[in-house]
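Both chains are given apart, each in its own frame, so use the hints to dock them into the complex.
Residue numbers (this note's numbering), protein chains in the order written: chain W, 36 to 365; chain G, 176 to 856.
It is possible that part of the hints are untrue.
Cβ pair distances, simulated, as ranges [stated by the list, open to error]:
| id | chain 1 | residue 1 | chain 2 | residue 2 | range |
| --- | --- | --- | --- | --- | --- |
| 1 | G | Glu295 | W | Gly332 | 20 to 30 angstroms |
| 2 | W | Gly351 | G | Glu415 | 56 to 66 angstroms |
| 3 | W | Asp340 | G | Thr671 | 37 to 47 angstroms |
| 4 | G | Ser769 | W | Gly332 | 24 to 34 angstroms |
Anything over 12 angstroms on all C-beta distances counts as not near chain G; from chain W, calculated [what the hints assert, rightly or not]:
| id | residue |
| --- | --- |
| 5 | Ala107 |
| 6 | Phe170 |
| 7 | Leu192 |
| 8 | Val202 |
| 9 | Asn239 |
| 10 | Asp253 |
| 11 | Glu265 |
| 12 | Gln277 |
| 13 | Gly283 |
| 14 | Val285 |
| 15 | Leu293 |
| 16 | Pro307 |
| 17 | Met318 |
| 18 | Glu344 |
Coverage of chain G stretches by chain W, computed from C-beta distances (three or more under 8 angstroms per stretch; other residues unrestricted) [what the hints assert, rightly or not]:
| id | region |
| --- | --- |
| 19 | 516–527 |
| 20 | 770–780 |
| 21 | 820–827 |
Simulated from the structure, these hints should not be mistaken for laboratory data.
A quick note: this is a predicted structure, and the numbers were derived from the prediction, not measured.
No residue lacks a Cβ here, since even glycine has one placed at the ideal position from N, Cα and C.
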Amino acid sequence: MSSPTSLTETRHSSPVPRRDAKPKLAVYWTGSCGGCDVSFLEVGEAIVEVLSRVEIVFWPALVDAKRSDLEALPPGSIDVALINGVIRTEENAEMAKLLRAKSKYIVAYGACAHLGGVPSLADRWGKEEIFREVFGKGFRPGPPPGANGEAALPDLLDAAVPLEDVVRVDYVVPGCPPPAPLISRFFGALLGGEMPEPPHVFANVKALCEECQRVRHDDRRIERIVRPHEVLPDPETCLLEQGLICMGPVTRGGCNALCPAAGMPCTGCLGPTPEAGDPGTAMLSALASLVRFEDEGEEYFPKEDGVLEALADPLGTFYMYSFGRFRRKR
Amino acid sequence: MSKRSDARNLSTRHPSRVTRRGQRIGVFVCHCGHNIAGVVDVKRVAEELSRYPGVVYATDYEYMCSDPGQDLIKRAIREHRLSGVVVAACSPSMHETTFRRAAEEAGLNPYLVECANIREHCSWVHNPGLEATEKAVRITRTMVEKVKGNMPLEPVEVSHADKCLVVGGGIAGIQAALDVAEAGYEVILAERSPTIGGHMAQLSETFPTLDCSQCILTPKMVEVERHPNIRLLVNAEVEEISGFIGNYRVRIRKRPAYVDPDLCNLCGECEKVCPVRVPNEFDRGLLERGAIYIPFPQAVPSTYTLDEETCLGIKPLICGKCAEVCEPGAIDFDMSEEVIEEEVGAIILATGYDLYETKALPEYSPEDPDVIDPLQFERLLSATGPTRGEIRRPSDGKVPKTVVFIKCAGSRDPELHKPYCSAICCMYTAKHALLYKHAVPDGRAIVFYIDIRAPGKGYEEFIHRVMEEDRVLYIRGKVAKVFREGDKLIVWGVDTLSGQRVEVEADLVVLAMAVVPPEGVEELARTLRLSCLDENGFLKEAHPKLRPLETLAGGIFIAGAAQGPKDIPQAVTQGSGAAAKAISLLSAPVLTHSPEVAEVDEELCSGCRVCAPLCPYGAITVEEVAQVNELLCEGCGTCVAACPSGALSLRNLDDAQVERMVEAALAELEGAREAVEVKGG
Ligand SMILES: Cc1cc2nc3c(=O)[nH]c(=O)nc-3n(C[C@H](O)[C@H](O)[C@H](O)COP(=O)(O)OP(=O)(O)OC[C@H]3O[C@@H](n4cnc5c(N)ncnc54)[C@H](O)[C@@H]3O)c2cc1C
Ligand code: SF4
Ligand code: SF4
Ligand code: SF4
Ligand code: SF4
Chain W
36 MSSPTSLTET RHSSPVPRRD AKPKLAVYWT GSCGGCDVSF LEVGEAIVEV LSRVEIVFWP
96 ALVDAKRSDL EALPPGSIDV ALINGVIRTE ENAEMAKLLR AKSKYIVAYG ACAHLGGVPS
156 LADRWGKEEI FREVFGKGFR PGPPPGANGE AALPDLLDAA VPLEDVVRVD YVVPGCPPPA
216 PLISRFFGAL LGGEMPEPPH VFANVKALCE ECQRVRHDDR RIERIVRPHE VLPDPETCLL
276 EQGLICMGPV TRGGCNALCP AAGMPCTGCL GPTPEAGDPG TAMLSALASL VRFEDEGEEY
336 FPKEDGVLEA LADPLGTFYM YSFGRFRRKR
Chain G
176 MSKRSDARNL STRHPSRVTR RGQRIGVFVC HCGHNIAGVV DVKRVAEELS RYPGVVYATD
236 YEYMCSDPGQ DLIKRAIREH RLSGVVVAAC SPSMHETTFR RAAEEAGLNP YLVECANIRE
296 HCSWVHNPGL EATEKAVRIT RTMVEKVKGN MPLEPVEVSH ADKCLVVGGG IAGIQAALDV
356 AEAGYEVILA ERSPTIGGHM AQLSETFPTL DCSQCILTPK MVEVERHPNI RLLVNAEVEE
416 ISGFIGNYRV RIRKRPAYVD PDLCNLCGEC EKVCPVRVPN EFDRGLLERG AIYIPFPQAV
476 PSTYTLDEET CLGIKPLICG KCAEVCEPGA IDFDMSEEVI EEEVGAIILA TGYDLYETKA
536 LPEYSPEDPD VIDPLQFERL LSATGPTRGE IRRPSDGKVP KTVVFIKCAG SRDPELHKPY
596 CSAICCMYTA KHALLYKHAV PDGRAIVFYI DIRAPGKGYE EFIHRVMEED RVLYIRGKVA
656 KVFREGDKLI VWGVDTLSGQ RVEVEADLVV LAMAVVPPEG VEELARTLRL SCLDENGFLK
716 EAHPKLRPLE TLAGGIFIAG AAQGPKDIPQ AVTQGSGAAA KAISLLSAPV LTHSPEVAEV
776 DEELCSGCRV CAPLCPYGAI TVEEVAQVNE LLCEGCGTCV AACPSGALSL RNLDDAQVER
836 MVEAALAELE GAREAVEVKG G
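Isolated chain G, as found in the complex (with noise of 0.2 angstroms):
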């Protein structure tokens, strides 16, 4: 047994460090001009304080917060030897950060400042008078107490690795990738699909300014291709994800292409021998692909690309007939799966969106061909598209004569569907009824929308001029069934504005899908061991206002429409934003963190592990005995309240003094010993 363990045999608490000897408190009481004098006695509690053991001096001021507030404290801090300072004023989460400093230039280490919240907690909540003194003496005695047990602690340094993953390669993630490349750091990008461009790559053009989607979202992608900072992974998973902010370890897992990039030359031979055929995705079906294939002309790796689940059989080898094909011996069937280790500094996640289902819409007649999603329509639009830019519906090559447009399909319905708005579909189905209307001049297209939402710069406008110039029929109303007789589609619908019931025969019906999070977006989030998702499966950030990039994990960011449907202006603005977030992450020469956060005894640790997974940081680890990652924790106190052996404790706020904070709040009010009974055994 050693000496220790045997002093603590019956010890009943920590040998806290109790309180330092000697103590020279002293107490700072602000006004914050009417905020809390208009409430508190100011002058009074600065006068009870001063007469508290410990407290050498005690005053009050207009606003401590202020340079010559800031000033008073330093000086005091000088002139009476202070070891610990209490203000009174505001919450800590508004100037603790600022009284810290000043007392550290007054050579006072800054731990041994409080701050004593008298304004949120006292005269923001109460009528003046005398019981809000009362209560703003106790708050700030209970704060002394604190500092009387604080000790002097520096904070928390540790190294950090300086590249950046990327998840995701549609224009979020392109940006966010060449912004963090062009800092100087390495970039590891990790896509999914055989390509990068995302959705955008799939856009005939923009709103509200009706720019080529692929002329501007190209010349990114070939950056990124070329950027010596960035490498770049297709067909890339992240399987794995452990270690926290700054020092992440990320195993990411590559399937073959089958096809060396570097000697396929693009000449398509193979896919014309190939026999299978599928619906190509990037054309949402509209076109057929073979197994072995190109997404898009453009696409970022430069390659054709062999997909094993549509491929008659490569392991054991059934057609070979690509390979036959294949002038440069491009195609090697004995690639194998890649498995990607690397050490990342920043996680930035921007894994983008899809449609919602047409078929979780029935009501719509979502299998007939001339019923399509809004993905499909932008094909059509596209030169590049199915139909080289020409209208023509899918049954039978017709170009249709009227188009009905159903805005909020599956969107704004919390009964039966998707509860929130879907963001963007005002905007592309205006886009879509206009360009529709500039190929088909003398189309009909209807538009049947709930309202319109239009807040973005120059979108008003837009909306504005489909609506007058381009003469497109927008009707309020919801759309209740779509169906077909002969050569037609019939929507039955509801004018709300007028309350009569609308009859449109069709030639074809677009439906604005609503926007949901990507597949494979829960298994991405459990590597993260954190909850990060929203109620509706999107990435969620850590702050709605404050902290829109952030996740709850320190390091991991998030981008685009992987955080809720957007359009491609935010999403950019996000891909910059979070690049910006993880550079100055990656810049910092160290990771420094609050050195007031749990800490284990490992005298007393059974490893019991009741700890560990209560942790809302993935903080604790426990083998033989727990462990705290003082980089992770964040000083909630969850563990220690949990801890059956009393073996954790908070810096800076352990037990003793607790109790000590208790017993001053409470002090000489009736019963309040018996509250105060503490453990003991």
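One chain only, chain W, in its complex shape (with noise of 0.2 angstroms):
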């Protein structure tokens, strides 16, 4: 699977972009961070060339431009619109119902986008609970002290949802954020005129360990669970049979392995590979299949589960990214 290096290639015409015009782009960000918007960075100076290949139209973090702006622009009028960050708030939905309606394609940009990220963590309790808990019974978001109605606080949705939750998506650019080889893949085939049909995902099929470069043994297995600041990894070995749990297996490849890489056990920011589907499920039948000693047997269960038990925070741990698409839903 080959990215494209140079981003300045066109090859071929596609529907998107017209030949003859710059494609229009809007990025815009609900529920994020902000690292995405700094992630487009990532790919050096390529960027400019990027950005002197397309009209951007909207995009808050460096055009200025308000939301009557958007409003204005008649349907279908945006060739993409990249949007990253989770759906948390009602004016999230919103934002990205209308940039729907604006745009030929919506792009997820970021896990969060994807997969709810991070903030979808959150999922684990109710919205109610959530402000209980933060700010004491009995609050209610209403407008700042002196303010009138018009200027209240939009109010949270029941669940921090990915994109899709509320927008049909029809590409997904993944990770937290992007890593530059997909976000290269991803402006290489829109200006390249090589946009695959939607829906699709700007990633790999097969899991991580696909690209890693850490040996994995014949008889690979873990004897312990170990958190990542209690290790100095080998630097040659599958960081699982060392006991630090990768969600490699489980996880999209395209970002060359660059955790593991630098000793860091990948966390699944790309997504689980379309086979794996719920990556919980799947890296615990994987877990469940690595953590053996020497000898098998019924003697054995009590240690293999004493094992297993030390795995601290198993949510944050198979779900970072991606609870809020994952979470079974009421």
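Have a look at this one:
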């Protein structure tokens, strides 16, 4: 699977964009940390080239634009809208719908828009519980002191949800934030006129281990579970074999396995591979398979249970970026 | 990006070979006499199934597996142009083959036939009534759903090597090697020691017929040496076994003997001048040998051997006296180790046994020269032994007038020693007592025993003869202690029948030590990369009753005491049995295997290697991507469940099929929908 190295090649025409015009681009953030907006810089100088070949019609982080400007645009007049961030508030949802109406293609950019991201871990609790915990009993979001009703803060939705829960999503550029090779892959396709049929995720179908240079041994197994701050991992061996919970086996590749290369286990930001499905259950079955001692049999079950019990924060480990997508919806 | 992976970029499931269109399934419900029909309303099952989507024909019959039952299926396949068959009857492990073969005869691919188990899974475990019938319907529907997703398959075929490796040259290995060789296949017989023969060569006479052990063994040893189809490797150990049934690659390391067997004329001059003296293994230390020696005169191959471990030194040469006196110049200090690599189709493990060490029983004063193990006693009895068959005790060479035999020494003692019965000690102790009484008619033979186990042909009679005709004293009870007092060994025991303490002044004590696995068997097991040892360390059979000569690794068989304590007739029987198994494998033109195995979708496999170590049959190897060896895979599904990438699936039992089966099983049950909620990404 190759990703374009240069972003400037234009070989084929495709419906998006028209050949004669620069594609009209919108970038918007919903419940986001801001990292996604910064991530474009990751591709380096090439971003200048990219920006020169698109027409930015709306990008609050970069150019001054109001919601009313967006509302004024005719439907379908934006070619591609990149939305990053989780859908947490009513306003997030409204803006997403507005962009959907004005755009030919919607791109969920980054893990939050893709799967709910880190903020969706809040979905472990209901909206009321969160208010109670953070602001105390009886709290209601209202206008700030002295302001009138119009300035009221937007209310929270019942849950923090991925973009696809409120609008149809055509493309995904996954990651927290999206890594440079995947951003390049996306813009390469867009500017090269080679956009795949939607829906499409700009990342590999195979799991991360495929790209990872770490050695997996024949009789690989886990005899203890440790957290990254507790060990200095051996530079050659697969992190799982060293007891670090690496989500590589269930996570899409495409990032060149940057984290495992640096000794940090994969936390799953590119989302599960299409066949892995729910990353928690897939990872749990992988772990249950790997946790094992030299001998097997019933007498080892308590020992094996003991190993798995050392797994701190299973929810945050297995669904760090995807709880919004995979939690069981009531 | 390839087209296909593009299409899968967001897929949530294998693009499964979804249900084949235009299904015409036939369902055949068996009464199994009263076995099923007595509990399940079989007519109703057939009737309900006849209304099930995809089913075009459903009927019931008394005995589906009978000839008329099979004919019924065949006729229906032709008349109703069936595209799949479900037989609702007993477990597929019983008659799946029967029904598949019948279908094949009627022109239907056998892998489109499935058994719905409404006997073991239903009628045998439920009371008669509506619920049992309802469950039988569900089970049958489930299999209809499976058949709908089945693809016609062809058995896997693989060629194989036509040699056989036999490991261990005791009587079991000898018999196996001779039988396979006689059938026309090449045999490599690898024996660790310098000669074949095993423990049987050490025995004097054999129970219950008392024929001379060496007299019946040595002709077979010679036959091995002469047989054109047998390549005998002594001083040889198997270092590595890789591959799979029919196609094993073995590497054997053969230590140099430093003596050319073709030149050695057995003059023995070398041993005479050798300054080294160490205990002789063959005589269990009752005699000594040089560093250059022959284990016993009839050893095969017939040659002296230089034991590098005890020689004063070869590299560099320290002494070299033997070579100086060797007339034919047979001794060659430059001989080097050989590594032999071979492709073999079958392997027979016949590595035999050892005796539990007497020093494990300190209460019996094992360090005393007159407290001996039973093989030492065999050597004392043997005409070729250290005393030329006269019974003289090791300490002072006197003829012992009272000999005490202690049975179950280290056996049947789960707390401290071996939990199992060593099976042969009752018989050889009786033999020992009898042979002693024949040699020393005025001597006393006293046997301490827990009970007597003599189930073989003529064995019980033999014991009676020893007790009655030869007036050996059998005392039921355990011996607490053996200790020396001057010239005598004092034996303290309890007669559990009379409840009285017994004290015997003995001249010689023979401990009938437990039979244990030979040293090195763990390493051998490790090279096989299979759990093939039982809890006591003996080689484990695939099934204790139905597959006693096989291991879980296809094409690897076991014979003789390697599998557990046994006597010569049993060891020989197993040798021949394992040979027959090997021959039937080697004589097959190709090996066939069920195609219902796991397969890897290479476009999904990331090479994460979660699967490989899990496979109980060692069927998976991973390079860039995983590969399943179709001949080894037993279709257990372990790897499929484990693969985090969904790259593995079982042929004719893929995820989509399983989901439809679960749905069919739970249809219309409360809460069932939720239970079937499946993955999706
Ligand atoms: C005291 C005593 C008396 C007995 N008397 C009788 C009797 O009267 N009648 C009777 O029927 N039975 C008798 N037996 C039992 C008899 O000895 C066994 O039944 C028989 O020897 C079993 O033969 P085997 O080939 O299975 O094993 P073994 O005789 O033990 O042969 C195994 C061979 O394998 C070789 N080997 C082991 N490991 C390896 C390896 N890793 N690689 C290569 N080679 C290896 C060994 O060197 C040996 O040559 C007696 C046993 C004892 C202890
Ligand atoms: S370190 Fe992680 S990504 Fe790399 S091989 Fe191991 S599990 Fe896979
Ligand atoms: S060289 Fe070794 S074997 Fe030969 S006589 Fe000397 S010690 Fe014995
Ligand atoms: S299905 Fe079972 S036997 Fe086959 S490869 Fe997988 S784990 Fe091994
Ligand atoms: S577990 Fe699955 S993805 Fe991993 S190596 Fe095996 S087949 Fe490939």
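Each hint tested on the structure:
no.	hint	in the structure
1	G:Glu295 <-> W:Gly332: 20 to 30 angstroms	holds (26 angstroms)
2	W:Gly351 <-> G:Glu415: 56 to 66 angstroms	violated (46 angstroms)
3	W:Asp340 <-> G:Thr671: 37 to 47 angstroms	holds (46 angstroms)
4	G:Ser769 <-> W:Gly332: 24 to 34 angstroms	holds (27 angstroms)
5	Ala107	holds (34 angstroms)
6	Phe170	holds (35 angstroms)
7	Leu192	holds (22 angstroms)
8	Val202	holds (16 angstroms)
9	Asn239	violated (8 angstroms)
10	Asp253	violated (7 angstroms)
11	Glu265	holds (23 angstroms)
12	Gln277	holds (14 angstroms)
13	Gly283	violated (7 angstroms)
14	Val285	violated (4 angstroms)
15	Leu293	holds (16 angstroms)
16	Pro307	violated (5 angstroms)
17	Met318	violated (6 angstroms)
18	Glu344	holds (20 angstroms)
19	516–527	violated (count 0)
20	770–780	holds (count 3)
21	820–827	holds (count 3)
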